[in-house]
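**Q** Sequence:
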Amino acid sequence: MAAGTVPAVTAPEVSVVIPIYNEAENLRDLVARVHEALAPRPGGFELICVDDGSRDGSDKLLVELAAERPWLKPVILARNYGQSTALQAGFERALGRYVATLDGDLQNDPLDLPALLDRLETDDSIDMISGWREHRQDRAISRRLPSRMANRLISWATKVELHDYGCALKVYRREIIERIHLYGELHRFIPSLAKEAGARIAEVPVRHHARTRGVSKYGIDRTFRVILDLLLIVFVLRYRQRPLHVFGGLGLSLATPGVLILAYLMALKILGEEIGHRPLLMAGTMLVLVGLQFIVAGLISEMLVRIYHEGGARPQYHVRSARMPADGSR
1 MAAGTVPAVT
11 APEVSVVIPI
21 YNEAENLRDL
31 VARVHEALAP
41 RPGGFELICV
51 DDGSRDGSDK
61 LLVELAAERP
71 WLKPVILARN
81 YGQSTALQAG
91 FERALGRYVA
101 TLDGDLQNDP
111 LDLPALLDRL
121 ETDDSIDMIS
131 GWREHRQDRA
141 ISRRLPSRMA
151 NRLISWATKV
161 ELHDYGCALK
171 VYRREIIERI
181 HLYGELHRFI
191 PSLAKEAGAR
201 IAEVPVRHHA
211 RTRGVSKYGI
221 DRTFRVILDL
231 LLIVFVLRYR
241 QRPLHVFGGL
251 GLSLATPGVL
261 ILAYLMALKI
271 LGEEIGHRPL
281 LMAGTMLVLV
291 GLQFIVAGLI
301 SEMLVRIYHE
311 GGARPQYHVR
321 SARMPADGSR
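All residue numbers for the sequence shown refer to full-length UniProt numbering, where the first residue is 1 and numbers rise by one.
Bear in mind the hints are in silico, worked out from the structure with no lab data behind them. Keep in mind it's a predicted model, so treat the numbers as computed, not measured. Ideal Cβ positions, reconstructed from N, Cα and C, are used throughout, including at glycine. Don't take each hint at face value.
Unchecked claim - Now the in silico label distances, taken between C-beta atoms and shown as ranges:
| # | residue 1 | residue 2 | range |
| --- | --- | --- | --- |
| 1 | L250 | H35 | 45 to 55 Å |
| 2 | V234 | E64 | 40 to 50 Å |
| 3 | Y183 | A39 | 32 to 42 Å |
| 4 | R152 | Y183 | 18 to 28 Å |
| 5 | L271 | E161 | 54 to 64 Å |
| 6 | E92 | R55 | 16 to 26 Å |
| 7 | H181 | V296 | 27 to 37 Å |
| 8 | P114 | T10 | 13 to 23 Å |
With the sequences and hints as input, model every part of the structure.
**A** Shown next as structure tokens:
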């Protein structure tokens with residue numbers, strides 16, 4: 001090799017992305033189990049753990065564990081951005097041909113990964129496999145029942161039929177990950193975003209374990225956030241490229257009866273009737289004004305969409321520190 005030549009970096013076959021938030025009690029076992037599951041596979045793997053502003057020392061423990069494990073690549077976010085942004089930070093650093101995700105609480109079983117990856121590798125008709133916690137081990141009914149309701153609602157609204165949208169254990173072909181961008185709390189709707197990006201999706205039952213250490217980060221309030229996020233995802237999937245259709249359609253549906261009401265009142269005025277005291281005059285005027293406002297909002301949204309697609313996007317997150325392996329790979 002000539003002097004000064006940088007050796008080529010061989011990308012691993014599999015990248016595993018795990019968002020971490022206050023999971024110090026589980027980290028050692030999590031890292032060990034991922035290694036146990038993927039080390040025997042040819043092609044190599046990398047484990048990207050994204051610490052999302054933990055306050056229990058998870059970030060320091062990740063750096064400590066990575067010191068002796070070149071395949072472990074911690075990313076330490078500057079603050080708590082949320083699970084979607086943590087996943088996006090990991091996706092942007094993933095080098096593998098296949099990308100897998102799971103939670104950091106050990107309720108997902110890393111030993112399920114090889115079977116999912118094998119199927120994705122051998123079945124060209126699938127671009128993404130989503131886990132299905134068919135036998136959930138959550139003790140609290142306050143988690144299981146809302147989850148079932150949310151899964152049915154999301155499947156109905158997005159037309160992507162899955163039993164378990166909330167399962168973090170998923171595997172993807174790299175090109176699918178490169179086509180989607182997560183922000184806010186869109187991690188719950190990755191299958192819908194992937195489907196829009198052209199992914200062919202399969203669902204496979206996987207194991208699920210009860211949490212034994214640490215504290216769950218989810219509560220009943222998540223159900224209400226899911227409903228609000230669902231409104232966003234339906235709008236994004238159906239009208240992201242044409243917001244005028246939804247705002248303009250709503251505006252026309254309001255303005256049209258308003259115009260008809262005002263035309264009717266004008267005809268009465270021409271015939272000599274007094275219309276100034278009629279409630280219909282106020283109703284017609286309000287319908288026209290509100291309808292015009294929605295149409296203008298649609299036009300402004302169209303301009304914003306144009307700016308979004310034609311202009312550069314600002315950074316979504318800031319990294320405080322991230323350990324880089326000695327060979328210079330990410």
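**Q** Each of the hints needs a verdict: does it hold here or not?
**A** Results for each hint:
1. In this structure, L250 and H35 meet the distance hint of 45 to 55 Å, their C-beta atoms being roughly 53 Å apart.
2. Taken as a hint, the range 40 to 50 Å holds for the pair V234 and E64, whose Cβ atoms sit roughly 44 Å apart.
3. In this structure the supplied range 32 to 42 Å holds for Y183 paired with A39, their Cβ-Cβ distance being about 33 Å.
4. In this structure the hint that R152 and Y183 lie 18 to 28 Å apart at CB holds, the actual value being about 25 Å.
5. In this structure the supplied range 54 to 64 Å holds for L271 paired with E161, their Cβ-Cβ distance being about 58 Å.
6. Between E92 and R55, the C-beta spacing of about 24 Å keeps the proposed range 16 to 26 Å intact.
7. Between H181 and V296 the Cβ separation comes to about 28 Å, which falls inside the hinted range of 27 to 37 Å.
8. For the pair P114 and T10, the beta carbons lie near 21 Å from each other, so the given range of 13 to 23 Å is met.
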